[in-house]
Amino acid sequence: MLKKLALGLGIVFALTVIAPSAAFAARVGEPAPDFTATDSNGQVHHLSDYRGKFVVLEWTNRGCPYTRKHYDSGNMQRLQREWTAKGVIWLTVLSSASGKQGYMTAAEENAYLKQENAHPTAALLDPTGALGHLYDAKTSPQMYVINPQGTLIYDGAIDDRPTTDVADIQGAKNYLTLALEEATAGKSVSTPVTRPYGCSVKYAGE
Amino acid sequence: MKRRLNRLGGWASAVTAFALLMMFTPNAVAQSRATGPHTTVTLLANRDSLEGGERLSIGLQFQMEKGWHIYWVNPGDSGEPPKIQWQLPAGFHVGPIEWPAPKRLVAPSIVDYGYENEVLLAAPVRVPPHLTPGANIPVTANVNWLVCKDICIPAKAHVTLTLRARGARRDKASSSSTLFAQTEKGFPRTAPANWKVTAISEKDDFVLTVETGKRESAATFFPLEPEQIKNDAVQAATPFSRGVRLRLQKSDGLLKPIPVLRGVLVLGIGRAYKIAAPVKQTVR
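Sequence order for the protein chains is A and B.
Be aware that the first sequence starts at 39, since it is given in our numbering, and climbs by one per residue.
Be aware that the second sequence starts at 1288, since it is given in our numbering, and climbs by one per residue.
It should be emphasised that the hints constitute simulated quantities derived from the structure, not laboratory data.
Possibly wrong hints are sitting among the right ones.
As the list claims (entries may be wrong) - In silico DSS-like cross-links for lysine-lysine, where the CA-CA straight-line distance does not exceed 25 Å:
#1 Lys-1353/B - Lys-211/A
#2 Lys-1567/B - Lys-1537/B
#3 Lys-225/A - Lys-1353/B
#4 Lys-1353/B - Lys-1483/B
#5 Lys-1543/B - Lys-1561/B
#6 Lys-1543/B - Lys-211/A
To be verified - The calculated label-pair distances, taken between Cβ atoms and stated as ranges, are:
#7 Gln-187/A - Lys-1490/B: 24 to 30 Å
#8 Asn-148/A - Glu-1471/B: 52 to 58 Å
#9 Asn-79/A - Gly-1557/B: 54 to 60 Å
#10 Ala-1523/B - Asp-203/A: 38 to 44 Å
#11 Glu-1471/B - Arg-119/A: 49 to 55 Å
#12 Thr-76/A - Lys-1501/B: 29 to 35 Å
#13 Ile-1545/B - Gly-137/A: 29 to 35 Å
#14 Thr-1525/B - Ala-223/A: 46 to 52 Å
A quick note: this is a predicted structure, and the numbers were derived from the prediction, not measured.
Backbone N, C-alpha and C fix where the C-beta goes; we use that ideal spot for every residue, glycine too.
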């Protein structure tokens, strides 16, 4: 009897954990919504696992020319390497629905990460778009930064040059770098929200 | 001239004739039309010949394949508007593009603002007061644009057109003048002086009240600035006897109060207006 009760409670608890914990979309200055997502190696991640660390969420779509600008130039990979080396958790997120541009199976994503020499902590596969909708991700790329206390401190564009031209990376004001540099130095983020630029996230149709 | 040509050998004559032909067909080498991915771009002017001090309009006509679109000055949640660099001789001044009223481009969780099928992006040109009669006036446009359907493709083109300073004879209007005139009819107009357009900033929404003097059954607002309203939220319209009220959800990216809400308000076909609604902040 007790075993059945425990099992029942366990199931209820598991279902609660799997479901997104907040009804609102993420807002800068407020607690970043907790989530559960699976990466390209089958490992499950919760945002709450990373309490005490800075977390970067990077929305991606390999076919989008704006994403390609940052990957073909090596810019995104350089940022990933630099910040993960400093203890930041970098989670790349793929919210493209099956059949749409940017969708990848776990094997394809792992091959892509290797080919691109990308260095995220993990690549989260979100083809249902649940994580994307939770954070209201609109474009790829779109960047979010969460501080060790679990507050969302940056949401928006990777930099201030909303173009597909690789030549615009040098000399651009990189909002992600700025947010991380300021926050890791204990300062408040001077530009916490910007309009993200890129291709629309290819969510599943409604 | 004729005597000299008759004295030249056949080959030389042909070369000379060709050179003369090139002089009088200014567009023989330069192209006013370019094909990009899923788009044809054509550089047009509303007149072929000019007099000093006249009004001139130049424009780029974008023709997109079915299903493909380009973006408005505020592209919305994603995308990028076309960027045009005009080149004209010294003394000519090109004004800003007059953007036709956009369309809402709706995708799952994303709303953009732009154009499908065809659009003419025209700009006014100030012509210098004195032009040498018969002189060629080269017009060049370097354009970068993003064309999207379910995927996006960046594109660029370089197009040129040669206009002519009018001689004594009055020439006929350009074949594109009708297109310019039609496009002009669809430009968002400045809201009439007797309208009352105001907005109230509530906790999560702007409530835009537009008093035109009569009941308006529909309204759609296109913000000029990004990160002010939530583009993919439903704009709840409430008609009343003197106009219409629109509830516009605020963008998550709006961090500070704004004093004015600027944009294009569309009340129906052919009824697009530029509005700038002063925003009253409600006491928190």
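Here is what the structure says about each hint:
1. Pair hint Lys-1353/B plus Lys-211/A does not hold up; C-alpha atoms about 37 Å apart against a cutoff of 25 Å.
2. Restraint check for Lys-1567/B and Lys-1537/B: satisfied, since their Cα atoms lie roughly 14 Å apart, inside the 25 Å limit.
3. For the hint linking Lys-225/A to Lys-1353/B, the alpha-carbon distance of about 50 Å lies beyond 25 Å, and the restraint is violated.
4. Between Lys-1353/B and Lys-1483/B, the direct Cα distance comes to roughly 39 Å. Violation of the 25 Å bound is thereby established for this hinted pair.
5. Note on Lys-1543/B and Lys-1561/B: the hinted pairing holds, with a Cα-Cα distance of about 23 Å set against a maximum of 25 Å.
6. A threshold of 25 Å between alpha carbons decides the hint, and for Lys-1543/B with Lys-211/A the separation of about 22 Å falls inside it, so the pair holds.
7. At roughly 25 Å, the beta-carbon separation of Gln-187/A and Lys-1490/B lies within the given 24 to 30 Å, and the hint holds.
8. In this structure, Asn-148/A and Glu-1471/B meet the distance hint of 52 to 58 Å, their C-beta atoms being roughly 55 Å apart.
9. Checked against the given bound of 54 to 60 Å, the beta carbons of Asn-79/A and Gly-1557/B, roughly 57 Å apart, stay inside it.
10. In this structure the supplied range 38 to 44 Å holds for Ala-1523/B paired with Asp-203/A, their Cβ-Cβ distance being about 40 Å.
11. Checked against the hint of 49 to 55 Å, the C-beta distance between Glu-1471/B and Arg-119/A comes to roughly 54 Å, which is consistent with it.
12. Our hint of 29 to 35 Å for Thr-76/A and Lys-1501/B is violated, since their Cβ atoms are close to 57 Å apart.
13. Checked against the hint of 29 to 35 Å, the pair Ile-1545/B and Gly-137/A fails, with Cβ atoms roughly 40 Å apart.
14. For the pair Thr-1525/B and Ala-223/A, the supplied restraint of 46 to 52 Å holds, since their beta-carbon distance comes to about 49 Å.
Hint violations for this structure: numbers 1, 3, 4, 12, 13, all remaining hints satisfied.
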